[in-house]
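Participant: Work out the full structure, taking the sequences as your base and the hints as a guide.
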Amino acid sequence: MTSSEYAATRSRILRDELVGLYGVVERNVYLTKRYFLWDLAFLFWTIANTLTIVFISRGVGVSPAEQNALATKLLVGGVIWAFLGIIFEIVTETVAWERWEGTIEYTFMAPVSRPVHLIGMGIYAVLYGLVRAAAVFVVVVAFIGLHVPHANYGAAVALLAIASVSFIGVGMMTAVLPLISPEKGTQLGFVAQGLMLVVSGVYYPVSVLPDWMRWIAKISPATYALRGNRQQILTGSGVAWADVWPLLVIGAISIPLGLAVFKAGERYAKKHGKLKRSG
Amino acid sequence: MQEHPQQAVVVRDLEKSFSRRAGLVGRRRRAALRHVSLSVARGECVAILGQNGSGKSTLVRVLSTLLLADGGGAWIFGYDVQREPRPVRRLVNRVSVEASFFKKMSAAENLAYAARFYGMGPGETRAKIPAILERVGFPPDRRGEAMENLSRGMQQKVALARALLTSPVVLLLDEPTTGLDPRSKAEVQAFIREIRTRHDSTIVLCTHDMNEAEELADRVGLLDRGELLFLETVDEVKARYGVETLEEAFFAATGRTFEDETEDDKDREVFA
Chain A
0 MTSSEYAATR SRILRDELVG LYGVVERNVY LTKRYFLWDL AFLFWTIANT
50 LTIVFISRGV GVSPAEQNAL ATKLLVGGVI WAFLGIIFEI VTETVAWERW
100 EGTIEYTFMA PVSRPVHLIG MGIYAVLYGL VRAAAVFVVV VAFIGLHVPH
150 ANYGAAVALL AIASVSFIGV GMMTAVLPLI SPEKGTQLGF VAQGLMLVVS
200 GVYYPVSVLP DWMRWIAKIS PATYALRGNR QQILTGSGVA WADVWPLLVI
250 GAISIPLGLA VFKAGERYAK KHGKLKRSG
Chain B
902 MQEHPQQAVV VRDLEKSFSR RAGLVGRRRR AALRHVSLSV ARGECVAILG
952 QNGSGKSTLV RVLSTLLLAD GGGAWIFGYD VQREPRPVRR LVNRVSVEAS
1002 FFKKMSAAEN LAYAARFYGM GPGETRAKIP AILERVGFPP DRRGEAMENL
1052 SRGMQQKVAL ARALLTSPVV LLLDEPTTGL DPRSKAEVQA FIREIRTRHD
1102 STIVLCTHDM NEAEELADRV GLLDRGELLF LETVDEVKAR YGVETLEEAF
1152 FAATGRTFED ETEDDKDREV FA
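Residue numbers (our numbering), protein chains in the order written: chain A, 0 to 278; chain B, 902 to 1173.
Simulated crosslink set (DSS-like; lysine-lysine; CA at most 25 angstroms straight-line): (1) B:1005 to A:32; (2) B:1029 to A:32; (3) A:183 to A:273; (4) B:1004 to A:273; (5) A:275 to B:1005.
Incomplete in silico selection of chain A near chain B, CB under 8 angstroms: (6) 15; (7) 19; (8) 21; (9) 29; (10) 102; (11) 108; (12) 109; (13) 274.
Footprint (simulated), chain A over chain B, 3 or more residues, beta carbon under 8 angstroms: (14) 962 to 976; (15) 1000 to 1014; (16) 1017 to 1027.
By construction, these hints were calculated from the structure, which means they are not laboratory data.
Each residue gets a CB set at the ideal place from its N, CA and C atoms; glycine is no exception.
Facilitator: Now the structure itself:
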């Protein structure tokens, strides 16, 4: 093969992969359209759930200003909980939904690479998650009557997007679970979400945690997303490098690790016949 | 790139077994394929007959890179299905007994999703999807309807369209007419005939319908409990066993009638 033929082949493969990535996002748009009312109902549930957390601030005997700050901190925790939940849910659906529909074998025998497939799911998850997180934030702020005059929304979204790289990496690891256990694998994704948030100070500062949990908090991307977002909403600060560099490091490790875990899981499923719908 | 590039499909000494939990701690192991060897020439249509659990679907899954074999090997136009899955996936597509789709999405949306994975962008599929649906006899006014509202026969037509949309050179048909009403069955079979005459496709048709095998295939193989007992033209099979029909040939080869299924066969179905 000459160098120009090699370059043409590479360029065709890249183009095909990008079309495949577009296809994953496009399919998710179709499904969101078809399940719009269900998704809306789920959004109401998330809002109600977040309100139950944020209302805790109203029962604390502190000054109105301190109540407002506490409510904002709780709201950021609730919004990130919801955002992370959507990312894990959608990335885990890479396997779970297709297995349920019976399409997984057709998808897994198609000539698109698994990283492109998973990253396509991740991109859609982040976009959908951001829209949903914004909706939860706006509705709860209006409902509670929160004052967030200094909020730097642009910085908050940017930090969440950076953190999402790591979240997707972790999501890839949980996405493989339905391949190994078709019945219970999806639920284990929620376990990962809960564990990540409990050590990251979702509704409290990390400083209240026992020492060993604080050490784990250092390697959790949610720690930096929560810390940064709270500052950005309360004080209007920008994207702090102190939050960004750990997220970049964790992302650089979690994405390849997530892909490797998924690849190992896919190999296991192909070895043991677990792709089959009834398997 | 491996050997046999002149052959569309080569399977050599293929072995696959599965184990499943039995009781609290035990595991049972059942062979789904036992040293299966065969080859299919380019443009040929080969039917693999076998009862439920005989290993037909396992063979199709290995050829379509969905299962890793325990031993032996398989090649599609010289590409090793285990070591070179990517080029194999470009060449192969499959229609299985279950027309699996996203039920809430329409036929056109499902086809678009499948096509993207083969590098076909919206510009290309805009004309191609209606054309292929028309070819399989799918009514144009139902293209936007959710799959869950379509009959089983209609869904199977969309499944054929999905496979053909990617222009596969090897088409793996795993009981494509099982469970269809007689009219839908005849339509699907007519379409398979059309593919044979109009395209340069190689077809591996797994079925337990002996008439279908005899009518559509150049050669017929019998997979029984994971073993390939023969793969010859129908005349050669009949001559070999001195019988008039494929059913009699099955009896002569296995000592059982085609409808007979032992407990072991039912158990095997779970694995194969």
